[in-house]
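As a plain string of letters, each chain reads:
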Amino acid sequence: MNEGTGPRGWMQRLLAVNAVLVFVFLYAPILLLVVFSFNDNNNVSIWTEPSLRWYGEMFRNDDVMGALRNSLIVALLSTVVATVIGTALAISLERYRYRGRGTLDGLAYLPIIIPDVTMAVMLLIFFFQGFDLLQSWFGIRMTSGLHTIVLAHIAFCISFVAVVVRARIAQFDSALEDAAADLYASRWQTFRRVTLPLIAPGVAGGALLSLTLSLDDVVVTQFVSGAGSTTLPVYVFGLVRRGVTPLINAVSVVMLVASMVLVGISLGFQRGAAAREKVATDPDVVLDGSLEVDRA
Amino acid sequence: MKRIMRLTAVLGALVLVIAACGSDSGSGADASACALDEVDGDLQLYNWSEYIDPALITAFEEQYSVDVVESFYESNEAMLAQLQSGAVYDLIVPSDYMVGIMIEEELLHELPDEAVPNLANLDPKFTELPYDPGPEYSAAYQFGTTGLGVNTALVGEDFTPSWALIFDPELTTTFPGGVSVLDDPRETMGAALKYLGYSLNDTDEEHLAEARDLIAAAKDGIATFDSDQYDEALANGEVAVSHGYSGNMIIGFADAENPDDFQYVLPEEGATFWIDNMVVPTTAESPCTAFTFINYILDAENGATLTNWNYYGSPNKAAIDAGLIEQEVVDFYADTFTAPNLEIIQDTGDYEIKFTDYLAQAKS
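In the order they appear, the protein sequences are chains A and B.
Numbering-wise (our numbering), the first sequence opens with residue 1 and increments by one.
Numbering-wise (our numbering), the second sequence opens with residue 1 and increments by one.
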């Protein structure tokens, strides 16, 4: 290869510069956010000296900690439920034929398309009309709170999980499932031993996406929240009303680190799964793999 | 975010229509019979973030043996939509114009005089309000203004407090660094309208167009249209004058290297002024506890604790007169009580979009 000479090398260098610029554009603000979270000053952009002051304030602030706890409860619950339902939805849409499938297919993506505010108002009306009915029929009094936030988040996360998982299902060969059936595997066994391991990276990706969406959401959450159920993003937005302090940076850094850990876990999981899958389906890879080992 | 808020407002109206068609949401307890210091259950407090000293909450809980459950919101409109759907809160702290809307929608309990005697501690300026004269339904919580932060080291000690400090290009181009102007349709167009001698709630198209042209012509001296970092830019010396909110300015000044160089002024042509208010919605389950809490906050000492903690202006005359509030905070907001032309931003309905459009045109 004659790298560094001729038009190709020139193009490559340009691309490299472009790549660096893109990364700077994406990550410089985050870097700044992290650096200034260690700032001792009351103002974000005036640097005085490094300190952990704002982290201390964050952990001592009961409101922030309460909001963080609410956010985590909501995110975990809604992710688990949305992932299960979303995966089931994806499999049914991709693998089975039934009446109304086309309609369901269209409806499944509606929550992705309609604006957040619309979704928020719809859910708000839905919940309170539902509560009214519950009260008049069964005499049960209910009001909004963490449970309504969880339900709302499940409602919009399902679609995202379904999209991601479907893409994964579409990729793999349904002959593998047929083969399992030919070998007298029950439907459940086929799903458990063949389908699920193959779509696992997609499921993990969908779960991660729904976790992120849930942790992020402000618009829907603030409409359907109730007494004592403020989540972290809503709280932070309220804070901004009186100017940005490094407290917000500290909170953001904690959320950033948490999501990076999650992404790391999921990447590791996907790599592991991808490697296993290649070994299982492609004999050449086994050979390549052993060659690699020999060389090492 | 601003656009979302506006959409929220529109959809809020939609909720209203639907709620009106639906069944009546359960009415709360009988609120008119609450006695002084009576409590009838835990308090569900719905407030803006970081707006109350946690020590005040703890002291209230101990004194009255109730729990206070705090929740936080970040938009008046979303709060309204929730309330119209029947969400249960005992005490809310909405902004001025929203109190007017809530009264119109019959969402609020009247404050019983015998339960809230400390209303008498409020300065008269905060009891004769256009959105709630009397006041019958609301008690002022904290207030703030929108004015100009001036770096006297760059502008000089001898300046006239006027919107000319940001809108007269002959003046602003002589300031090192220029000036920073809020990127907010109502505030910025409002300031221009005031400078031209109109009301900041004026919806006359010609007046709005004049305001737009004024801002466009002032652009030479305007370094930035910014609503987030103007206090820091001013404290850093990056700009000589900043148009912004009192609550941020006072903190920005305190953090500056030489706070004495900075002055916050209300332009003589008049400025914006906002008040947040404590109200008790009709859905409240513990209205008596809520009235007791209002009375507790309006107490001179507690009112002072509140302001000394969040640094917004205190409407509590008794607290100011007793010298309980830090002197620098009192001085900072002293103008508000004497300034003649302060105006509250009112909801102009269909015209809101005009303010947005004209500011966008002026900036482009």
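These aren't lab readings, by the way, just hints derived from the structure by calculation.
Please read these numbers as outputs of a predicted model, since none were measured by experiment.
The C-beta atom is built at its ideal place from N, Cα and C for all residues, glycine as well.
Be careful, since some hints might not be right.
[Claimed, not checked] Pairwise CB distance ranges, derived in the manner of DEER restraints:
{"id": "1", "chain 1": "A", "residue 1": "D105", "chain 2": "B", "residue 2": "E104", "range": "53 to 63 Å"}
{"id": "2", "chain 1": "B", "residue 1": "S199", "chain 2": "A", "residue 2": "F138", "range": "33 to 43 Å"}
{"id": "3", "chain 1": "A", "residue 1": "I113", "chain 2": "B", "residue 2": "K363", "range": "55 to 65 Å"}
{"id": "4", "chain 1": "B", "residue 1": "D220", "chain 2": "A", "residue 2": "F126", "range": "29 to 39 Å"}
{"id": "5", "chain 1": "A", "residue 1": "M142", "chain 2": "B", "residue 2": "D220", "range": "55 to 65 Å"}
{"id": "6", "chain 1": "B", "residue 1": "K363", "chain 2": "A", "residue 2": "L133", "range": "26 to 36 Å"}
{"id": "7", "chain 1": "A", "residue 1": "V240", "chain 2": "B", "residue 2": "Y351", "range": "49 to 59 Å"}
{"id": "8", "chain 1": "A", "residue 1": "L21", "chain 2": "B", "residue 2": "Q346", "range": "39 to 49 Å"}
{"id": "9", "chain 1": "B", "residue 1": "K363", "chain 2": "A", "residue 2": "F138", "range": "35 to 45 Å"}
{"id": "10", "chain 1": "B", "residue 1": "P176", "chain 2": "A", "residue 2": "F126", "range": "48 to 58 Å"}
[As the list claims (entries may be wrong)] For the chain A half of the interface with chain B, some residues (derived, Cβ under 10 Å), not all of them:
{"id": "11", "residue": "S144"}
{"id": "12", "residue": "V240"}
{"id": "13", "residue": "L267"}
[Said to hold, decoys possible] Facing chain B, from chain A, some residues (calculated, C-beta under 8 Å):
{"id": "14", "residue": "D40"}
{"id": "15", "residue": "N42"}
{"id": "16", "residue": "W47"}
{"id": "17", "residue": "F59"}
{"id": "18", "residue": "M65"}
{"id": "19", "residue": "M119"}
{"id": "20", "residue": "T143"}
{"id": "21", "residue": "L146"}
{"id": "22", "residue": "T195"}
{"id": "23", "residue": "Q222"}
{"id": "24", "residue": "F223"}
{"id": "25", "residue": "G226"}
{"id": "26", "residue": "S229"}
{"id": "27", "residue": "G238"}
How the hints compare with the structure:
{"no.": "1", "hint": "D105/A x E104/B: 53 to 63 Å", "verdict": "45 Å, violated"}
{"no.": "2", "hint": "S199/B x F138/A: 33 to 43 Å", "verdict": "53 Å, violated"}
{"no.": "3", "hint": "I113/A x K363/B: 55 to 65 Å", "verdict": "32 Å, violated"}
{"no.": "4", "hint": "D220/B x F126/A: 29 to 39 Å", "verdict": "53 Å, violated"}
{"no.": "5", "hint": "M142/A x D220/B: 55 to 65 Å", "verdict": "59 Å, holds"}
{"no.": "6", "hint": "K363/B x L133/A: 26 to 36 Å", "verdict": "49 Å, violated"}
{"no.": "7", "hint": "V240/A x Y351/B: 49 to 59 Å", "verdict": "26 Å, violated"}
{"no.": "8", "hint": "L21/A x Q346/B: 39 to 49 Å", "verdict": "47 Å, holds"}
{"no.": "9", "hint": "K363/B x F138/A: 35 to 45 Å", "verdict": "56 Å, violated"}
{"no.": "10", "hint": "P176/B x F126/A: 48 to 58 Å", "verdict": "57 Å, holds"}
{"no.": "11", "hint": "S144", "verdict": "6 Å, holds"}
{"no.": "12", "hint": "V240", "verdict": "8 Å, holds"}
{"no.": "13", "hint": "L267", "verdict": "32 Å, violated"}
{"no.": "14", "hint": "D40", "verdict": "11 Å, violated"}
{"no.": "15", "hint": "N42", "verdict": "5 Å, holds"}
{"no.": "16", "hint": "W47", "verdict": "10 Å, violated"}
{"no.": "17", "hint": "F59", "verdict": "14 Å, violated"}
{"no.": "18", "hint": "M65", "verdict": "12 Å, violated"}
{"no.": "19", "hint": "M119", "verdict": "11 Å, violated"}
{"no.": "20", "hint": "T143", "verdict": "5 Å, holds"}
{"no.": "21", "hint": "L146", "verdict": "11 Å, violated"}
{"no.": "22", "hint": "T195", "verdict": "40 Å, violated"}
{"no.": "23", "hint": "Q222", "verdict": "5 Å, holds"}
{"no.": "24", "hint": "F223", "verdict": "6 Å, holds"}
{"no.": "25", "hint": "G226", "verdict": "6 Å, holds"}
{"no.": "26", "hint": "S229", "verdict": "6 Å, holds"}
{"no.": "27", "hint": "G238", "verdict": "3 Å, holds"}
Consistency with the previously given hints fails for numbers 1, 2, 3, 4, 6, 7, 9, 13, 14, 16, 17, 18, 19, 21, 22, ordered from lowest to highest.
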